[in-house]
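Taken in sequence, the protein lines are chains A and B.
According to the working numbering, the first sequence is numbered sequentially starting from 1.
According to the working numbering, the second sequence is numbered sequentially starting from 1001.
You may find that some hints are simply not true.
Calculated pairs, DSS-like style, for lysine-lysine (alpha carbon to alpha carbon, straight line, at most 27 Å) [claimed, not checked]: (1) A:Lys41 / B:Lys1003; (2) A:Lys42 / B:Lys1096; (3) A:Lys101 / B:Lys1003; (4) A:Lys41 / B:Lys1054; (5) B:Lys1052 / B:Lys1108; (6) A:Lys101 / B:Lys1108; (7) B:Lys1069 / A:Lys66.
Computed footprint of chain B on chain A; a stretch qualifies when at least three of its residues, placed anywhere within it, have a C-beta under 8 Å from a C-beta of chain B [said to hold, decoys possible]: (8) 43 to 57; (9) 80 to 89.
Just so you know, these hints were derived from the structure itself, not from any lab.
From a predicted model like this one, the values you see are computed outputs, not experimental measurements.
All C-beta atoms, glycine included, are put in the ideal place defined by N, C-alpha and C.
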Amino acid sequence: GAVVSQHPSRVICKSGTSVKIECRSLDFQATTMFWYRQFPKKSLMLMATSNEGSKATYEQGVEKDKFLINHASLTLSTLTVTSAHPEDSSFYICSARGDSKDTQYFGPGTRLTVL
Amino acid sequence: LAKTTQPISMDSYEGQEVNITCSHNNIATNDYITWYQQFPSQGPRFIIQGYKTKVTNEVASLFIPADRKSSTLSLPRVSLSDTAVYYCPSQSNTGKLIFGQGTTLQVKP
């Protein structure tokens, strides 16, 4: 299957700082990328959908000013958690697909810990 | 709104065949059915995808009846390393995957 990478795999930051997470499709062009968060022993919760060159679409209850998403190219999307707080600590996972009928492939996830 | 339902957990022993069934309520005519596997602290891994009848790859088989209201993921001869959470997410009309609680498979020696 297609390969999606995320960087960093783990990050620890202080409360009030911002953290950027990168998601890359390594061997295909991703028209659409998705960002999820997952709490321990819970399922994946979709946060937002980003299409290359367009503004991201956020799910209900997700603050767009807190979780900034950029999808500037067909192989890269970034999620920036601004003014992070301990409750933002979670496992963040991205996925990517080519066109609308393609399979979604997931990145390995990023563990964010906010102290 | 499309939604899937699957058992919360299953136990099995090494070497056995495991079948996990998913109910697909309101699945759209054009939607494919996709299964993912997730290990702790990792992103979901694509296992298999199908539209109808039977699909087989090197790791699993997927059975989909003609009415497409359910699907069954079949894992032949499981090993301890198959212990994971298995998901059959539904799709929204815009192609977003909606994950349920998944099925936690515990393979015992």
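Hints and how they fare:
1. Simply put, lysine 41 of chain A and lysine 1003 of chain B have alpha-carbon atoms about 20 Å apart, close enough for the 27 Å limit, and the pair holds.
2. Note on lysine 42 of chain A and lysine 1096 of chain B: the hinted pairing holds, with a Cα-Cα distance of about 18 Å set against a maximum of 27 Å.
3. Distance check on the hinted pair: lysine 101 of chain A and lysine 1003 of chain B sit about 19 Å apart at the alpha-carbon level, within 27 Å; holds.
4. Under the criterion of a C-alpha separation no larger than 27 Å, the hint pairing lysine 41 of chain A with lysine 1054 of chain B is inconsistent with the structure, at around 31 Å.
5. A distance of roughly 32 Å separates the Cα atoms of lysine 1052 of chain B and lysine 1108 of chain B; the hinted pair therefore is violated under the 27 Å criterion.
6. Between the alpha carbons of lysine 101 of chain A and lysine 1108 of chain B the distance comes to roughly 37 Å, so the proposed pair goes past 27 Å and is violated.
7. Restraint check for lysine 1069 of chain B and lysine 66 of chain A: not satisfied, since their Cα atoms lie roughly 39 Å apart, outside the 27 Å limit.
8. With 5 residues having a Cβ less than 8 Å from any Cβ of chain B, the region 43 to 57 of chain A passes the three-residue criterion, so the hint holds.
9. With a cut-off of 8 Å between beta carbons, the region 80 to 89 of chain A has 0 residues touching chain B; three or more are needed, and the interface restraint is violated.
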